Structures are given as C-alpha cells and as structure tokens.
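Participant: Since the structure of chain A is already known, use the hints to place chain B on it.
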Amino acid sequence: MKIKRFIQRIFGAKKQKPASSGLAANPSEKMQKMMAMLSGTREVELTCDQVFALLDQFTELAAQGEDVAQLMPLVQHHLDMCDDCREEYKVLASILHGAT
Amino acid sequence: MDKRTNEAWLADLRAGGDRQAQALEDLRAIILRGLPYAIAGRLDPNSPESEALTEEVVQETLMRVLEYLDSFEGRSQFTTWAHKIAVRAALTELRRVRWREVPLPEMEMNEETDTSYREIADDQANPEEQLAQTEMMTRVNRIIMEELTDKQRQALKAIMEGFPLEEVARRLGTNRNALYKMLHDARLRLKKRLEREGLTPTEVLSVFERART
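Protein chains in written order, with our numbering: chain A, 1 to 100; chain B, 1001 to 1213.
Chain A extracted, bound-state conformation (with noise of 0.2 Å):
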C-alpha cells in the first residue's frame, strides 16, 4: 500500500500490517497515516495543478531513468503525499512504459 510505503520511508522499514482495504481500518492506521503526512508537510508545496503542469515532463524524464527526485523534487514531494496525483502519474508512467 502506497501509505505504508511512505511511512517507510520516512519511519525506516518497519514491518508494516497490511491495511485489507482502501480504508484507514482503525485508529492506529489512521494516525500513522497522519502522522505521516504530517512528517511530510513542508511550508512550501507545490499544488495539484502547478504539479500537473509539470507531469508529462516529469513522466519522461523518469521513464528515461533519471533521477526526478533530483531534478524535480517539488513534484517529486507532491507526488508522495497526493494520491490522486501519484495515481495519475503512475497510470501515465505505465503507458509511457507499453509505448516504448
């Protein structure tokens, strides 16, 4: 689950339980899920559409293997903390990935 990977991230890699579905199921998992996008949060953050402005180009670079989160990292933050955005960029990704 994209969350628990977050979390990961920037918890270490712990062993996460598997949420069972797209709902934070209890408590806990909900404040991890806070907490998490808290630890994230910056004072400046890119928006859904300044970042979709940006994501064809984002999506070639990273489909060509660079290092986006280098080159790009404001997306790169919007992305780990906006899951429609990530969901889109990861959709886009794999049709970049079947064109080639």
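Using 25 Å as the maximum straight-line C-alpha spacing, the simulated SDA-like pairs for lysine to any residue come out as follows:
#1 LYS1181(B) / GLN50(A)
#2 LYS33(A) / PRO1105(B)
#3 LYS1181(B) / GLU45(A)
#4 LYS33(A) / GLN1152(B)
#5 LYS1192(B) / SER1206(B)
#6 LYS33(A) / GLY1162(B)
#7 LYS1151(B) / GLU45(A)
Coverage of chain B stretches by chain A, computed from C-beta distances (three or more under 8 Å per stretch; other residues unrestricted):
#8 1031 to 1038
#9 1082 to 1088
#10 1133 to 1145
#11 1169 to 1181
#12 1188 to 1198
#13 1201 to 1208
Simulated from the structure, these hints should not be mistaken for lab results. Values in this document were obtained by computation on a predicted structure and should not be read as measured data. Beta carbons are placed, not taken as given, at the ideal position from N, Cα and C, and that holds for glycine.
Facilitator: The following block gives chain B in isolation, referenced to the frame of chain A:
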C-alpha cells in the same frame, strides 16, 4: 501516424479542415491505446461502462487538447501531454463512479463527542500502551479541534478514510487544487502546533509503534 514532431502536431491541429481532422483522428487512436492503462484494475475493460467511459474520455480529451493547445510548452512529447489530459479525465470519472455510493464521513462538531482520532487503542498493545495510545489520540484530537476549521476537519477525515481528493473536493463544492491548498494549510497548522507542544510526528507515532515491536 505517431511520428509527428511536436511542431507538426501543433501545426496540423491548428490547420483546420482535413488536415486537422486527420490529426484528431490520429490523436484519438493514440489516446485509445493509452486508456486501458487507466481502466485496468478499476473497471471491467469489457463492460458497457468501460466502453462508454472510453468514448466520453476520448471526446473530452480531444476537446481539451484543442482548447489548451496554446498552453503546450514543448517540455515533453506532445502525445505524452495528451495522454496526461486523458489520464486525468479518465481517473476523475472512475473515482466519481467508484465513490458515488459512499457518503463522506460524518463529523461530530465538538471535542467531547468527536472520536475520529481517539477511538480504541490497538488491541494488540498491553494495557499501559493502550492507555498511552488513548491519551495521545485524545491529545491529537484536541489539537485538531482547536486548530482546524470544520471544513478542514471534514476534508482531513475523508482523506484519512481513503477518499480521493478529487471526490472530496466535488462533494464540498470546491476543486482539487483548492482542497489541496486547504489541506496543506491544515497540515502546517497541526505540525506547528505539535511543535509548540514539544511533539514531533515521529514521537506521536512511536506511541503506536511500540505495541508492534
């Protein structure tokens, strides 16, 4: 005919007449090849709903491509830009369909009754850990009640429940971009308040992690 340059795409789509019609037809075929990646795992690809959604998304994408053609800056392949528009349109509709029957979580509007973040502690924890977890949930809940507006709390709760941002925005009568900004403000407020109370997210989490180690 996928091999147009970006400049050729722009020229053809602006040309009007048969030249534009051919470019739109070619772009339509390209978008149709990409859409199965958006639908996969979200909707039965052989269902009538999938067919209808595909047609709707293709039409919408072609209209948007023409509408926003001047905003294409050439930072990617033109077709990637078009796919991006199609993916956004497809996932927006798929999210709406997926979540249309699910009501937004109810909000209790006072600190005493809102148990959103302080229900029962982890049942695998020992009594001492459960007490610590309950106390921490109560503390975090109090901070949420004091720092956030009703709308921020409702949106945050929905996101915690797994709702897509897009769908929460639609239900709250706003748009995804504005909702992200609102939630960013909420997250910043909570993070700063935790800091003022001498807490970090890691420390809060550690209360819930101990029972799992």
